Amino acid sequence: MGISKFLYHFGRYVLMMRTAFSRPEKLSMYYRETLRQMNDIGIGSLIIVGLIAVFIGAVTAVQFAYQLEGSFVPRYYIGYIVRDSTIIELAPTISCLVLAGKVGSNIAAEIGGMRQKEHIDAMEIMGVNTAAYLVMPKVIAALFVIPMLVALAAFISIIGGYLASVPTGLMSDAEYVLGVRSFFEQRNITMMFVKSLVFAFILTTVSCYQGYYVKGGSIELGKASTNAVVFSDILILLADYLIAIILT
Amino acid sequence: MIRTENVFKSFGEAEILKGISTEFYSGQTNLIIGRSGAGKTVLLKLLVGLLSPTSGKIWYNDVDFCNLNKRDLRAIRMKVGMLFQASALFDSMTVEENIRFPLDMFTNMTKKEKLDRVNYCLERVSLEGVNSKFPSETSGGMQKRVGIARAIVLDPEYLFCDEPNSGLDPKTSIVIDELIRSITEEKQITTVINTHDMNSVMEIGDNIILLHQGEIAWRGNKTEVLESENQILRNFIFASPFLQRLRDTALEK
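So the sequences go chain by chain: H and P. Each number in the working numbering corresponds to the 1-based position in the first sequence with 881 added. Each number in the working numbering corresponds to the 1-based position in the second sequence with 11 added.
Since the hints were made in silico from the structure, they are not lab data. For clarity, every value in this text was computed on a predicted model and none was experimentally measured. Any given hint could turn out to be false.
As the list claims (entries may be wrong) - Derived contacts from chain P toward chain H, CB cut-off under 10 angstroms, selection only:
{"hint": "1", "residue": "Leu84"}
{"hint": "2", "residue": "Val91"}
{"hint": "3", "residue": "Gln96"}
{"hint": "4", "residue": "Gly152"}
{"hint": "5", "residue": "Arg161"}
The beta carbon of each residue, even a glycine, is placed where N, CA and C say it ideally should be.
All chains should be built: construct the whole structure from the sequences, respecting the hints.
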């Protein structure tokens, strides 16, 4: 029963994606919608992502300072650990988990609401490929904007680590900067962008799927919104693990 | 003209439509009437392609509507306009943007041409000057008229209306009925209306089919309604003793 249900949803998801990435009726309309989505997803998420990133960096710095206290590990390692842990894992994963909550639930509710109010039927009857018009701009916008948000989150996290450790006397300014500049590996940046692209794709398409096929009333719409977040989070964590295995 | 040929539709075990064969003529207001659960909405959704029949065929003139590829289906849909029960106007767009949406999506008209077309459609439904209002800022009757304006903006050959009078007062219902009838006659389009409204039946019913338990129980026009001895029709149209007395009075005259 469970497997057949999974296969049913997976098949329907694949079919929706195939329809979603077919030729647009009019490029200018899709372009305009993509810009609108970039604004909603990107600018609309700046504050929450920035705020979380500051604390991620700050907490990482404080925690590692506590762990390394009394050990022979040099203190500047804290800067190095903050940099790498945020770039490799915390910035892409935590940011995208948060975005799954903020953007994913919003997407599912928006498309689900359109389904319930017969907006999607109205577009279908006009001849619009609704899967394409409603899904493609969101996915493209997310693929552009979320890696930028993640990169910004990584940068802010490193600043957060600085703010939590230098002014409080955990280490000197020079030590933190030395740590941040030590043992840098470019492939970590590649991994961050790979993760953010994959996570962006997961959170938008899963949320679109949940909204697009919603049936019933407000309770079902609420469930679809919740499912969008829950399934996106699970798949993001699963993808995180797989990418970690493949790229390290 | 639209023709259905022995159309069946089931959802699981439940058989909703049982062999519907009928014709909807151009230049006429074709009404589908029947009690709740009779299958009216399902039939309308089949006609516009939102659902597929379990068996049977639907013809748009000589085109088999159920076996079209995506491109041909889109070409037919460009000729279709639909007014939804709840209007289905896009909340985040103004009245003008709602009406302009099909023009933006499917035409290469200039901004000026689009604006002229939108204003013509608004004028046609007697709603000049509401371009910048949002649907939430307009009344139910106005929303229906904006819905009609959007439905006719691409000059459709087929117009479908799902319960166009639901939630409207009798006076506004008459305005909407008149509007639909005049557009139908003016453009000689095929209009199919799914309705419960008895005033619509008696005023604009050029071609009426009565659905009962998924089958056509009666067909005729507005003048034949009064004289019909079909018990299902009489129970449906003249459901109350008051309406029954009205019918008797009308027949006596």
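Taking the hints in turn, this is what the structure says about them:
| no. | hint | verdict |
| --- | --- | --- |
| 1 | Leu84 | holds (8 angstroms) |
| 2 | Val91 | holds (6 angstroms) |
| 3 | Gln96 | holds (8 angstroms) |
| 4 | Gly152 | violated (18 angstroms) |
| 5 | Arg161 | holds (8 angstroms) |
Hint 4 alone, counting from the list given before, is not met by this structure.
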